[in-house]
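Line by line, the protein sequences give chains L and X.
Taking the numbering used here, the leading residue of the first sequence gets 931, the next gets one more, and so forth.
Taking the numbering used here, the leading residue of the second sequence gets 476, the next gets one more, and so forth.
If you are wondering where the hints come from, they were derived from the structure by calculation, not from laboratory data.
Please note that the accuracy of each hint is not assured.
To be verified - The following label-pair restraints were derived from C-beta to C-beta distances:
no., chain 1, residue 1, chain 2, residue 2, range
1, L, Lys1043, X, Asp501, 18 to 26 Å
2, L, Gly983, X, Asp501, 39 to 47 Å
3, X, Thr529, L, Gln975, 23 to 31 Å
4, L, Glu994, X, Leu589, 42 to 50 Å
5, X, Lys489, L, Pro1009, 49 to 57 Å
6, L, Glu945, X, Ser493, 22 to 30 Å
7, X, Asn540, L, Arg1039, 28 to 36 Å
8, X, Glu582, L, Leu950, 38 to 46 Å
9, X, Glu571, L, His940, 33 to 41 Å
10, X, Asp501, L, Glu1001, 34 to 42 Å
11, X, Lys532, L, Ser956, 18 to 26 Å
12, L, Thr985, X, Arg585, 35 to 43 Å
13, L, Asn971, X, Asn540, 42 to 50 Å
14, X, Asn540, L, Leu948, 40 to 48 Å
Said to hold, decoys possible - A short list of chain X residues far from chain L (calculated; beta carbon distances all over 12 Å):
no., residue
15, Ala499
16, Asn503
17, Leu520
18, Gly528
19, Gly538
20, Arg547
21, Glu548
22, Ser550
23, Glu554
24, Ser569
25, Thr587
26, Val588
For clarity, every value in this text was computed on a predicted model and none was experimentally measured.
Every residue gets a Cβ at the ideal spot worked out from N, C-alpha and C, and that includes glycine.
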Amino acid sequence: AQSVTQLGSHVSVSEGALVLLRCNYSSSVPPYLFWYVQYPNQGLQLLLKYTTGATLVKGINGFEAEFKKSETSFHLTKPSAHMSDAAEYFCAVSDRAAGNKLTFGGGTRVLVKP
Amino acid sequence: NAGVTQTPKFQVLKTGQSMTLQCAQDMNHNSMYWYRQDPGMGLRLIYYSASEGTTDKGEVPNGYNVSRLNKREFSLRLESAAPSQTSVYFCASSLEGAVAGELFFGEGSRLTVL
Chain L
931 AQSVTQLGSH VSVSEGALVL LRCNYSSSVP PYLFWYVQYP NQGLQLLLKY
981 TTGATLVKGI NGFEAEFKKS ETSFHLTKPS AHMSDAAEYF CAVSDRAAGN
1031 KLTFGGGTRV LVKP
Chain X
476 NAGVTQTPKF QVLKTGQSMT LQCAQDMNHN SMYWYRQDPG MGLRLIYYSA
526 SEGTTDKGEV PNGYNVSRLN KREFSLRLES AAPSQTSVYF CASSLEGAVA
576 GELFFGEGSR LTVL
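The shape of chain L in the complex, shown without the other chains (with noise of 0.2 Å):
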């Protein structure tokens, strides 16, 4: 079975600062990696996947995340926090022997300080 581990519920960093979030996974065949944000009061939208191909994969808003096979990991990263990026941030896993149907972390609230 799929799984996604998201290191830190909480990360607190300042503006202009790097934001570093960790994510893990686990899945039996070559998977589909996908980071959603999550703003307060609001359903989530997606900020960047990984299905096939590049795996440096850039998204909206400045960032971008690596897939890295043998680290099974998905981490996701901006070079410089604004106070707009305080959010929550999901990382997801789905590959096609689950179906239709995505596999959620635990998600990690960010915190960006002046």
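The hints should help you fit chain X onto chain L, whose structure is shown.
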């Protein structure tokens, strides 16, 4: 653009009462999903419908029923609410299924069971 619309946004129930959460999407998507979100647990899939006329159980289906009324609408019913069902419920839809497609989420329905 409406996207995915959920009603109601807030509901308080007493143990044993029943209710239905409504969801409609206007993007002509084939697949629809119901998730629940609890602190530290991410989103967990309750039921999904890969296409009109089909429904399947997700990770946590006990205590819930669903109906895919037509291509646009997918409702979630709690027949006899329990305090353990206190949660935020999200409806989502996708054009081609979750494996490679983007999920679009509603804004959520916050349910409290006393």
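The hints, checked one at a time:
no. : hint                             : in the structure
1   : L/Lys1043 x X/Asp501: 18 to 26 Å : violated, 39 Å
2   : L/Gly983 x X/Asp501: 39 to 47 Å  : violated, 32 Å
3   : X/Thr529 x L/Gln975: 23 to 31 Å  : holds, 26 Å
4   : L/Glu994 x X/Leu589: 42 to 50 Å  : holds, 45 Å
5   : X/Lys489 x L/Pro1009: 49 to 57 Å : holds, 51 Å
6   : L/Glu945 x X/Ser493: 22 to 30 Å  : violated, 48 Å
7   : X/Asn540 x L/Arg1039: 28 to 36 Å : holds, 32 Å
8   : X/Glu582 x L/Leu950: 38 to 46 Å  : violated, 29 Å
9   : X/Glu571 x L/His940: 33 to 41 Å  : holds, 34 Å
10  : X/Asp501 x L/Glu1001: 34 to 42 Å : holds, 41 Å
11  : X/Lys532 x L/Ser956: 18 to 26 Å  : holds, 22 Å
12  : L/Thr985 x X/Arg585: 35 to 43 Å  : holds, 38 Å
13  : L/Asn971 x X/Asn540: 42 to 50 Å  : violated, 27 Å
14  : X/Asn540 x L/Leu948: 40 to 48 Å  : holds, 46 Å
15  : Ala499                           : holds, 14 Å
16  : Asn503                           : holds, 17 Å
17  : Leu520                           : violated, 6 Å
18  : Gly528                           : holds, 14 Å
19  : Gly538                           : holds, 19 Å
20  : Arg547                           : holds, 17 Å
21  : Glu548                           : holds, 17 Å
22  : Ser550                           : holds, 17 Å
23  : Glu554                           : holds, 24 Å
24  : Ser569                           : violated, 8 Å
25  : Thr587                           : holds, 16 Å
26  : Val588                           : holds, 20 Å
Taken one by one, the earlier hints fail for this structure at numbers 1, 2, 6, 8, 13, 17, 24, listed in ascending order.
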